[in-house]
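Peer 1: In case you want the letters, here they are:
Number of protein chains: 2
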Amino acid sequence: MGQIRNILFVMYDQLRHDYLSCAGHPTMRTPNFDRLAAMGVRFSHVYVQSPICGASRMSFYTGRYVHSHGAAWNNFPLKVGEMTLGDHLRPLGVDSWLIGKTHMKADAAGMARLGLAPDSVIGARVADCGFDVWVREDGLVAEGPEGFYDTKRSPYNEWLKSKGYPAENSWHVHANSGVDEQGDIASGWLLSNSLLPANIREDDSETPWLTSQALDFLADQSGKAPWLCHLSYIKPHWPYIVPAPYNTLYSAADVVPVVRSDAERVGAHPVFDAFMNNQPGQAFSKDGVRETVIPAYMGLIAQCDDQFGRLLDHLETTGQMDSTMIVLTSDHGDYLGDHWMGEKDLFHDPSVRIPLIIYDPRAQADGTRGTVCDALVEAIDLAPTFVEAMGGTPATHVLEGRSLVPWLHGQTPDWRDAVFSEYDYSGMAIAGNLGLSPREARLFMVFDGRWKLIHAEGGFRPMLFDLDTDPDELTDLGALPRHAEVIARLERRLADWARRPAQRTTISDETIVTMRGKSRRHGIIIGAWEAEDLAPDLRAKLQGKPAHDYRGV
Amino acid sequence: MGQIRNILFVMYDQLRHDYLSCAGHPTMRTPNFDRLAAMGVRFSHVYVQSPICGASRMSFYTGRYVHSHGAAWNNFPLKVGEMTLGDHLRPLGVDSWLIGKTHMKADAAGMARLGLAPDSVIGARVADCGFDVWVREDGLVAEGPEGFYDTKRSPYNEWLKSKGYPAENSWHVHANSGVDEQGDIASGWLLSNSLLPANIREDDSETPWLTSQALDFLADQSGKAPWLCHLSYIKPHWPYIVPAPYNTLYSAADVVPVVRSDAERVGAHPVFDAFMNNQPGQAFSKDGVRETVIPAYMGLIAQCDDQFGRLLDHLETTGQMDSTMIVLTSDHGDYLGDHWMGEKDLFHDPSVRIPLIIYDPRAQADGTRGTVCDALVEAIDLAPTFVEAMGGTPATHVLEGRSLVPWLHGQTPDWRDAVFSEYDYSGMAIAGNLGLSPREARLFMVFDGRWKLIHAEGGFRPMLFDLDTDPDELTDLGALPRHAEVIARLERRLADWARRPAQRTTISDETIVTMRGKSRRHGIIIGAWEAEDLAPDLRAKLQGKPAHDYRGV
Chain Y
1 MGQIRNILFV MYDQLRHDYL SCAGHPTMRT PNFDRLAAMG VRFSHVYVQS PICGASRMSF
61 YTGRYVHSHG AAWNNFPLKV GEMTLGDHLR PLGVDSWLIG KTHMKADAAG MARLGLAPDS
121 VIGARVADCG FDVWVREDGL VAEGPEGFYD TKRSPYNEWL KSKGYPAENS WHVHANSGVD
181 EQGDIASGWL LSNSLLPANI REDDSETPWL TSQALDFLAD QSGKAPWLCH LSYIKPHWPY
241 IVPAPYNTLY SAADVVPVVR SDAERVGAHP VFDAFMNNQP GQAFSKDGVR ETVIPAYMGL
301 IAQCDDQFGR LLDHLETTGQ MDSTMIVLTS DHGDYLGDHW MGEKDLFHDP SVRIPLIIYD
361 PRAQADGTRG TVCDALVEAI DLAPTFVEAM GGTPATHVLE GRSLVPWLHG QTPDWRDAVF
421 SEYDYSGMAI AGNLGLSPRE ARLFMVFDGR WKLIHAEGGF RPMLFDLDTD PDELTDLGAL
481 PRHAEVIARL ERRLADWARR PAQRTTISDE TIVTMRGKSR RHGIIIGAWE AEDLAPDLRA
541 KLQGKPAHDY RGV
Chain D
1 MGQIRNILFV MYDQLRHDYL SCAGHPTMRT PNFDRLAAMG VRFSHVYVQS PICGASRMSF
61 YTGRYVHSHG AAWNNFPLKV GEMTLGDHLR PLGVDSWLIG KTHMKADAAG MARLGLAPDS
121 VIGARVADCG FDVWVREDGL VAEGPEGFYD TKRSPYNEWL KSKGYPAENS WHVHANSGVD
181 EQGDIASGWL LSNSLLPANI REDDSETPWL TSQALDFLAD QSGKAPWLCH LSYIKPHWPY
241 IVPAPYNTLY SAADVVPVVR SDAERVGAHP VFDAFMNNQP GQAFSKDGVR ETVIPAYMGL
301 IAQCDDQFGR LLDHLETTGQ MDSTMIVLTS DHGDYLGDHW MGEKDLFHDP SVRIPLIIYD
361 PRAQADGTRG TVCDALVEAI DLAPTFVEAM GGTPATHVLE GRSLVPWLHG QTPDWRDAVF
421 SEYDYSGMAI AGNLGLSPRE ARLFMVFDGR WKLIHAEGGF RPMLFDLDTD PDELTDLGAL
481 PRHAEVIARL ERRLADWARR PAQRTTISDE TIVTMRGKSR RHGIIIGAWE AEDLAPDLRA
541 KLQGKPAHDY RGV
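These protein sequences, in sequence, are chains Y and D. Quick note: the UniProt record's numbering has the first sequence finishing at residue 553, numbered continuously throughout. Quick note: the UniProt record's numbering has the second sequence finishing at residue 553, numbered continuously throughout.
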């Protein structure tokens, strides 16, 4: 095992932490994910900084909390000036490449203000989250009566057309729809169609296509600079539909029991109540929906796993395993009906907790291969991990996470006492229904390994779960006076966090320490009465005889 | 009275809120400041966002808390991308000019990262806090054994040379030193020399020089675009020395009694104790120091006042009073021995509270001329005031202050319940002496009009003052159990503030509201079981007959 030359940073979208066989799923089979887990460390308690694509990803890419980078929801632009992975890695001689999805919206106004042209090298990187783009495919070629959700070009859709797929929007018509009994489009947007095979050749579907892009990239990079490659898949994110044979790999018999209780709906926290009663929550709470959707979701994961095997095989046969760090993770989970919820958005484990496996090829990691680390990990830990893996020193005044390298190398570092996550639902209809202003529709989670507090702006009480006694998070203790002390403690912990100097990013702690007591050595003399109060060399700077005396003028 | 065409934004440095005769000082005479107060509104309860030049000014110029902009101490760079006054005013067709001091350090690393050349128009503005520079003079041409405090050029020092002043550093030798009995330099850095006349012709000293620069600017601007001009004086900031005749205008008999008590030193809060015992605190607590320094400080203010009269006379005789908003303020105060302190740094009123007078030429302000407004005002309120005065709508997702225009126009708006200020002393020797890391050496003040809480990071108890019963802030109640409830309430208020979405600057609240419930109209369909669950126009987007059926492939 040698040193790390390259980092393959693989992200799936909406992959639950517990839908890997190595994580204990009783029916899901992920032999290739497990293969990585056997070579690396599986982190079992990993939390995203926000359970929503855009905000979560901006935290992965900046290494900073959402409260710090401000891109708090999908399509809230990441402000110009925020440093991203590329900014941290390029000074180390490492390129940062993107293959797939970022869900990043560029700060066009900020770029215009600073005169950054989108077609300049720097402007293009700023507009693409700091990456050089091998291929950017955000993966939602959705169209409604008011136009497309995403007006960027879709390289995947263009590729489908070049392959002879006949529809204008083959992403929808072929990759994400089946065919019904009448021969009409059976859209994957409709959950009742989930078990139909997608109307596309399997190897033309999104996951194999992106994997092929990655293999092209690997072939192209030979002999070039070291790289981090962010290979970022759209799947198993909805639409929940998958081509044959994956659509029949799993059936209702493989669906694990739902995690919910009738008691959750009684006296529910108003924000939780509103999310349970929105469309995804209602849909996934109906009989038969989980049994239809989850097998498709599992099929999508199986396809991801097979394609991951293709990647591993390639790295092995080309001799790159000794020099490549491999990271596998997701941007958030999926409730899939647990807690009467669909989608993500809130902070129960199915939503906020993610899988994370890291393979470090170096000999120092030999002792931890195949082990599980249960430290409290945050998504923002990856950025400093990458910097350290590449031989750099993480800029701790910018990066708010902690490098995971010590864990990979079998050490037990002093570690954080809590993880934080946030959710800004100000842009959702729910906020309006609850009568909330955009500043009020925000949630914060603090979890200390036992207690999970959800603080809600807008005048609501907090939610509280005790994961020691209630690991399924079925009982919200936030309204009970007997937990006032725990709540107060976690609220204080959240306040401490909120006061952190997150924007003091232009000067390092080390530089600050060197400033201490130095201004007098540069002639700033405050509080001296007479020359005798000064050190001789400083005194000398003040003395002499003026060439002219203007007092009589 | 017409509309506002121009804004003259005058800032003094280290001018205490109570050293104006219109503010009730019993011996200080400021007829020209008072003249402005008679034409405008004097705000009596105005607080800086940080009692230190650099951090405070970055809040004035960005309209944002220090916790938001991150330039938390002198020479901590203001990060590239932070919007400043010029960014808010230029879209309104208003130029933003600088004459004098900003104490801004450019984010050179950030500029290099974004490819912003300092000699480009945009780069120069970013490097100068968003201003176009008429003349930038930060005013501290100090030199010690380890070199100059400020390595930028000093236009004032160059000008002195051009006028024939013979010293290499005439700023020190002439403008800020006297001559002792032996004919040697008597440096103004040494407090014992404060009452000597500075060895310079009065009209060549700093305050008249900068005023002349302003008059040149005014002459040059005739017929050009509307402007905001930030006329930013160095004085009455130390070195405390002033040319004749101002050095003899005031004497020890004019010095008001010191505000301090022996009880303050007993069981003092460790941070307060450390500041009392640093060099400025010790110096100003010695007998005779206040009586020597304060008359010089008052002389400097008197000179500022006279020069302000020169400006007002010019605006009147040139007919510009009807179209010019005039603002007079300071970046922080000066303890001058009160509370056993010198300098600023902490949150007693002499340090954190500033003068603010605003003259609005418009007829709507006629009803408030000569009045005093006691609303809780923050320094960050000026930026939105300027935007509104120029006919714009303040960007409330960026600017954290509130426009003062309603107060100027005799209205009583719903207003804030507390003001906030911060102090980051991580770069001071005191932090090291207290054993604090750079992240711990930080203070926050929250003041609700009665109670002033100072929260200290680093594990210290808070400080608390009740200004209703103790207007001189002589009794720290922060250690007393009977005030636990008040402390808890203010700590919660501080926590609420700290969790604000200060970095969500790339999207306005109005835009967020328009997003609500709109993603489905762009084809993002989550939680629909079948086509009948969709509106007909949306359903139509999903339907049709595919040109090819690939399922058998």
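In case anyone wonders, no lab produced these hints; they're calculated from the structure. Where hints are given, some of them may not hold.
Which copy is meant is left open, so a pair is good if it fits within one copy or across any two.
[What the hints assert, rightly or not] Within a straight-line C-alpha distance of at most 25 Å, the following computed PhoX-like cross-link-like pairs (lysine-lysine) qualify:
hint, residue 1, residue 2
1, Lys-545, Lys-518
2, Lys-152, Lys-163
3, Lys-518, Lys-161
4, Lys-518, Lys-163
5, Lys-545, Lys-161
6, Lys-545, Lys-163
7, Lys-161, Lys-286
Peer 1: Between Lys-518 and Lys-163, at a C-alpha cutoff of 25 Å, which is it: within one copy, between copies, both, or neither?
Peer 2: neither (67 Å within a copy, 33 Å between copies)
Peer 1: Are the CA atoms of Lys-545 and Lys-518 at most 25 Å apart within a copy, between copies, both, or neither?
Peer 2: neither (27 Å within a copy, 76 Å between copies)
Peer 1: How do Lys-152 and Lys-163 come out at 25 Å by Cα distance, when the copy is not named: within, between, both, or neither?
Peer 2: within (20 Å within a copy, 61 Å between copies)
Peer 1: When no copy is specified for Lys-518 and Lys-161, does a C-alpha distance of 25 Å or less occur within a copy, between copies, both, or neither?
Peer 2: neither (66 Å within a copy, 29 Å between copies)
Peer 1: Are the CA atoms of Lys-161 and Lys-286 at most 25 Å apart within a copy, between copies, both, or neither?
Peer 2: neither (37 Å within a copy, 85 Å between copies)
Peer 1: Checking Lys-545 and Lys-161: alpha-carbon separation at most 25 Å within a copy, between copies, both or neither?
Peer 2: Between copies only: 17 Å across, 85 Å inside.
Peer 1: My question is about Lys-545 and Lys-163: at a cut-off of 25 Å on alpha-carbon distance, are they close within one copy, between copies, both, or neither?
Peer 2: between (87 Å within a copy, 19 Å between copies)
The structure fails hints 1, 3, 4, 7 (numbered hints given earlier, in ascending order).
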